[in-house]
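Visitor: Sequence:
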Amino acid sequence: MKNKHVAVLLGGFSSERPVSLSSGKACADALENEGYQVTRVDVARDVGAVLAELKPDVVFNALHGPFGEDGTIQGILEYLAIPYTHSGVLASALAMNKEQAKKVAKAAGIAVAESKVASRFAIQNKHPMKPPYVVKPVNEGSSFGVVIVHEGQSHPPQVIGSSEWKYGETVMVERYIHGRELTCAVMGDVALGVCEIIPTGHSFYDYDSKYVAGGSKHEIPAKISPNIYQKIQTLALKAHLAIGCRGVSRSDFRYDDRHSENGEIVWLEINTQPGMTPTSLVPEIAAQAGHSFGDLLSWMVEDASCLR
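In the UniProt record's numbering, the protein residues as written are 1 to 308.
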């Protein structure tokens with residue numbers, strides 16, 4: 001039913017506003033090309049009132065970061081009884097909290113990296129675990145605030161305890177996993193292809209690798225053995241279901257094959273609001289599976305519901 005009125009939520013007020021503006025524009029343009037009536041909503045604190053007046057048939061959530069993917073906007077949409085895309089309140093909140101998501105994944109039998117949660121001030125003077133390790137905000141996306149502490153580094157990164165830090169008081173410290181960066185998208189109850197991300201001129205898949213053209217190379221399908229490929233797909237779908245995700249999600253993994261082909265596969269996190277920019281992964285992975293960008297977005301609009 002492509003005569004639906006779709007409100008595309010974009011922008012917002014998190015640190016990921018620029019990414020959301022880019023994702024939202026791409027989605028709105030593509031949905032218009034698919035024949036939907038589209039209204040672009042640059043989200044502010046009055047979004048509830050705006051949507052109540054607008055009365056769209058469906059909300060396409062293209063927000064990233066806190067408020068947009070942590071269950072908050074999802075709760076507002078449930079209250080307004082407007083069908084929306086992506087995951088619901090609980091799954092969004094769980095997935096956004098990296099430590100809680102890892103607990104659920106681990107309980108489902110998925111291997112995760114050893115980690116601990118601490119105040120950023122508690123780790124600024126003494127290593128919280130033997131390097132190498134990674135420090136990351138508990139509730140951020142797009143690799144904002146991620147710091148790698150390398151082997152032999154004499155002290156924790158000073159930025160964690162400084163006034164420049166703007167990613168919250170609580171951080172997750174996680175064992176650094178050597179290896180290749182793999183990601184797998186799930187669409188409904190189907191795991192799509194596995195992609196290897198190869199950062200270009202960056203030590204890891206950071207913000208610029210994700211969103212600057214040429215920042216990374218995407219190998220789709222990933223050049224790994226068929227059994228590892230299938231295992232990644234199985235784990236991505238298992239995480240999607242265990243956390244209770246709906247619509248489209250993307251799970252990130254590290255695959256350490258330095259010592260054997262079977263190696264070590266470690267699940268890092270799940271993204272319930274994957275980017276939809278020109279350099280984003282899910283549209284590329286979907287295209288490799290035979291779904292055009294327009295087809296992917298149309299499927300998401302038709303899949304939209306409340307009580308997700």
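For the record, the hints were derived by calculation from the structure and aren't laboratory data. Treat the hints loosely; a few may be bogus.
What the hints assert, rightly or not - As a list, the in silico DSBU-like pairs of lysine-lysine whose alpha-carbon atoms are at most 30 Å apart: (1) K106 to K116; (2) K116 to K55; (3) K166 to K116; (4) K130 to K116; (5) K217 to K231; (6) K2 to K55; (7) K231 to K116; (8) K106 to K130; (9) K103 to K55; (10) K103 to K238; (11) K238 to K116.
Note that the coordinates shown come from a computational prediction; the quantities given were computed from them, not determined experimentally.
Visitor: Determine for every hint whether it applies to the structure shown.
Guide: Hints versus structure:
no.	hint	verdict
1	K106 to K116	holds (14 Å)
2	K116 to K55	violated (44 Å)
3	K166 to K116	holds (20 Å)
4	K130 to K116	holds (12 Å)
5	K217 to K231	holds (22 Å)
6	K2 to K55	holds (16 Å)
7	K231 to K116	holds (26 Å)
8	K106 to K130	holds (22 Å)
9	K103 to K55	violated (38 Å)
10	K103 to K238	holds (14 Å)
11	K238 to K116	holds (23 Å)
The structure fails hints 2, 9 (numbered hints given earlier, in ascending order).
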